[in-house]
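Protein chains: 2
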Amino acid sequence: MAASGKKTDGRKDIRDVIIVGAGCSGLAAAVYCGRFLMRTLVLGETIGGVIITTDVVENYPGFIRLTGTELAKKLEEHARDYKSVEIREEKVIEVVKNGNIFKAVSEEGAYYGRAVIISSGTEHKKLDVPGESELANRGVHYCALCDGALYQDRPVAVVGGSDSAAKEALVLSQWASRVYMIYRGDKIRPEPVNYERVIANRKIEIISQANVMKMNANEKGFLKSVTLDKPYKGMKEFPVDAAFVAIGHIPLTGFARGLGLKTNDKGEILIDRNAHTNVPGVFAAGDVVDTSFKQAITGAAEGVLAAYSAYQHVSDSRVL
Amino acid sequence: MAASGKKTDGRKDIRDVIIVGAGCSGLAAAVYCGRFLMRTLVLGETIGGVIITTDVVENYPGFIRLTGTELAKKLEEHARDYKSVEIREEKVIEVVKNGNIFKAVSEEGAYYGRAVIISSGTEHKKLDVPGESELANRGVHYCALCDGALYQDRPVAVVGGSDSAAKEALVLSQWASRVYMIYRGDKIRPEPVNYERVIANRKIEIISQANVMKMNANEKGFLKSVTLDKPYKGMKEFPVDAAFVAIGHIPLTGFARGLGLKTNDKGEILIDRNAHTNVPGVFAAGDVVDTSFKQAITGAAEGVLAAYSAYQHVSDSRVL
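Residue numbers (this note's numbering), protein chains in the order written: chain X, 224 to 543; chain F, 224 to 543.
Do not rely on the hints blindly, as some may be mistaken.
If chains are identical, the list can't say which one is meant, so a pair holds when it fits in one copy or spans any two.
Stated by the list, open to error - Each computed EDC-like pair below joins lysine to aspartate or glutamate, with the alpha-carbon atoms no more than 16 Å apart:
id, residue 1, residue 2
1, K390, D539
2, K306, E281
3, K517, E330
4, K437, D351
5, K297, E281
6, K437, E312
7, K297, D236
8, K326, E491
9, K456, D495
10, K437, E330
11, K443, D464
12, K447, D464
13, K437, E317
14, K296, E460
In short, the hints are calculated from the structure, not lab data.
So here's chain X without its partners, still in its complex pose (with noise of 0.2 Å):
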C-alpha cells in the first residue's frame, strides 16, 4: 500500500495538471487548462517546441505567414494570460504515478499534479553525416509540407525509402523542378499507392543502393550538395538545394517509461479521439501520439482535447 493515495495527502503543492512539452500542442493545451481554472505546470526543454526550427509557417489556419518562433511565442502569450499556468523552462526527466498523483522530475526539481498531459514530440532522425545539423534549415529540412514550397523550379533532395519518405518525396513534387530519392536499399518501400504514385510522377527520380556521407555547402552557408558514396552520374558531389532527411522520428517518451503507456511500432502514444492514453489521468497530444498526419494545427487540437479530458478526470476525481 506504499503508493496508496493517501500518502500524498501532506505534499504541499500538487497541482491539477502538469504538461510534459511546451510545443504548440502544450501550449495550446494549458490555454484551455487556464480556461478550465486548473492549477497547471507546463514543462518543457524549449518553449515553443519544434517549431521555433521552421522559418515560415502557413499552414496554421488563421496565420497566413509568419514564423515559427511568432508561432510559438502566440501560443506562449495566450497561455501565460491565464493567471492558472505556470511555463518553466525544465526538461523533464521522469514522469511516475503514486496512487492517484503523479510526480514529474525534471532537472530542477520536482512537482505533482493530479493529472499529466505528455506532448513531449518527437526527434528527427538524423543521418549523423558532416555538415547536416550546420545546414539545418539553410538547405537541410525535416518537414516537406513545411519547407518544400521554399524551392520552388529547383533541384532537392530525399534521403529515406520509407513511406513517409516516399510522401515527402510527392509533397516536394509540387514545388521542385526535380526530387531525387536516395535510399541506401535496392528498392523504395513505401505503401502500394504511393509507390505507384512515385513511379507515375516524372519529376521523382530514385537514387538507391547510395548513402548520403556528407552535405555540402556554397559560400552562402547553404547546401549545394550532397557528397554519396558512389557517383550518380558520374558524380560522387551531387547537386542538389535542398535535401530532406526521412528517416523516422523518435517519440519523445522515455521519461514516460514508467507509466506503462500503450505505444505503436514506432514508439508513439495510443490515444482516442478525447486524447485519453490507456492510463487513467494521463492524456497526450501532438507529434508524440499515433496521429497519421502532424500537424501544428492538429496537435493544438489534441491539446485542447487532452486539456477536456484532464479536466474531466481532476473534477471527477474531486466529486467522487
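Given chain X, work out where chain F should sit, using these hints.
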C-alpha cells in the same frame, strides 16, 4: 449502370473537392486543400459560419482575444490565399453521388467534385419565445464557454435540463455569481457525475417544472429578466443578466440525405480520427460530426484532417 463513373466524363468542370460549409472547419479544410493544390470549391450559406455570432473569442490558440468576425475573416483570407480555392456564399440544398463523382446543388447552380467535405455545422435549437431572437448576443446566448466570461459576478440562467445544460451551468459557475437552471421537467437528467457536480455546486440553483415564456429587455436593449410560467421565489418575471439556452443542437445534414451517411442518435455524422465518414469520398468536420468537445480549434483540425483524407482519396482515384 446509369450511375457509372463514365457517364460523368463529359461534364465540363469537375473539381477535386467541394466543401459544404464555410465556417472555421470548412475554411481550415480549404487552406489545406489549397496547399495540396486541389481545385477546391467552398459553398456556404454564411462565410465564417456560426463563430461570427460570437462577440469575443478567447479560445482559438494563438489569438488571445479577437471577435468571431475577425477570426472568420482571418480564416477566409487564409483560404483565399490559395489560387486553387474558390469560395461562394451559396446555400447547398442537396449533395448526391453519381459513380465516383459528387454533385452539389446550391440555390444558384450545380457543381461537381471528386470528393466532398461536409462542414455544415449545426443550428442551436431555439426556445421560440418572444424576445429570444431580438436579444441574441445581448443576454441570450447558446454557448457558455464562448460567452460565459462576460458575466463575471452576475446572475445568469441556463435553460434546459440535459447533460449539456448541466455542463453549461458548471462552466458558467466559474464566472457567474449565481446560475439558475430552468427546466421544464421534474428533475434534471445529466450524466450521474455531472448531476453530482451540479448538486455539489453552491452557485447552481435548479428551478424545475418551469418554462421560460418570454425574454425581457432593459432600456439599453439587453436582457434583464425571463418570464416564467409560474412564479419562483414570488417572481414570475425573474431577473437574470443572461440566459444560456441549452436545449440541444440540430446537425445540418438534410442536404446530404441521399448519401447514406451514418449518424449517431443526435444526428451527428460519425467520423474516424482522419475525418472519414462511412461513405468513400465523403469526409466531415466540425460541429456536424460526433466529436464530444466542439470548439473552433478542434473543428479546424478536423477540417485539416478531412482535407488530408480527401487528398488521399482524390490521388488514389487518379492513380488507380
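Identical-chain pair category, K306 with E281, by Cα at 16 Å: between (30 Å within a copy, 14 Å between copies)
Homomeric proximity label, K437 with D351: Cα distance no greater than 16 Å: within (9 Å within a copy, 71 Å between copies)
Alpha-carbon proximity context of K456 and D495, limit 16 Å: neither (49 Å within a copy, 46 Å between copies)
Intra/inter-copy verdict for K297 and D236 if alpha-carbon distance must be at most 16 Å: This pair counts as neither: shortest intra-copy Cα distance 29 Å, inter-copy 41 Å.
Intra/inter-copy verdict for K437 and E312 if alpha-carbon distance must be at most 16 Å: neither (34 Å within a copy, 53 Å between copies)
Homomeric proximity label, K443 with D464: Cα distance no greater than 16 Å: The answer is within: 12 Å in one copy meets 16 Å, while 64 Å across copies does not.
K390 and D539: within-copy, between-copy, both or neither at 16 Å Cα: For K390 and D539, the Cα distance is within 16 Å only across copies (13 Å; inside one copy 43 Å).
Homomeric proximity label, K297 with E281: Cα distance no greater than 16 Å: Result: close both inside a copy and across copies, 15 Å intra and 13 Å inter.
Homomeric proximity label, K437 with E317: Cα distance no greater than 16 Å: For K437 and E317, neither the intra-copy (36 Å) nor the inter-copy (57 Å) Cα distance is at most 16 Å.
Intra/inter-copy verdict for K437 and E330 if alpha-carbon distance must be at most 16 Å: neither (35 Å within a copy, 60 Å between copies)
Alpha-carbon proximity context of K517 and E330, limit 16 Å: So K517 and E330 fail the 16 Å test inside a copy (29 Å) and across (37 Å) alike.
Intra/inter-copy verdict for K326 and E491 if alpha-carbon distance must be at most 16 Å: neither (22 Å within a copy, 39 Å between copies)
Going down the numbered hints, you'll see the structure goes against 3, 6, 7, 8, 9, 10, 13 and 14, while the others check out.
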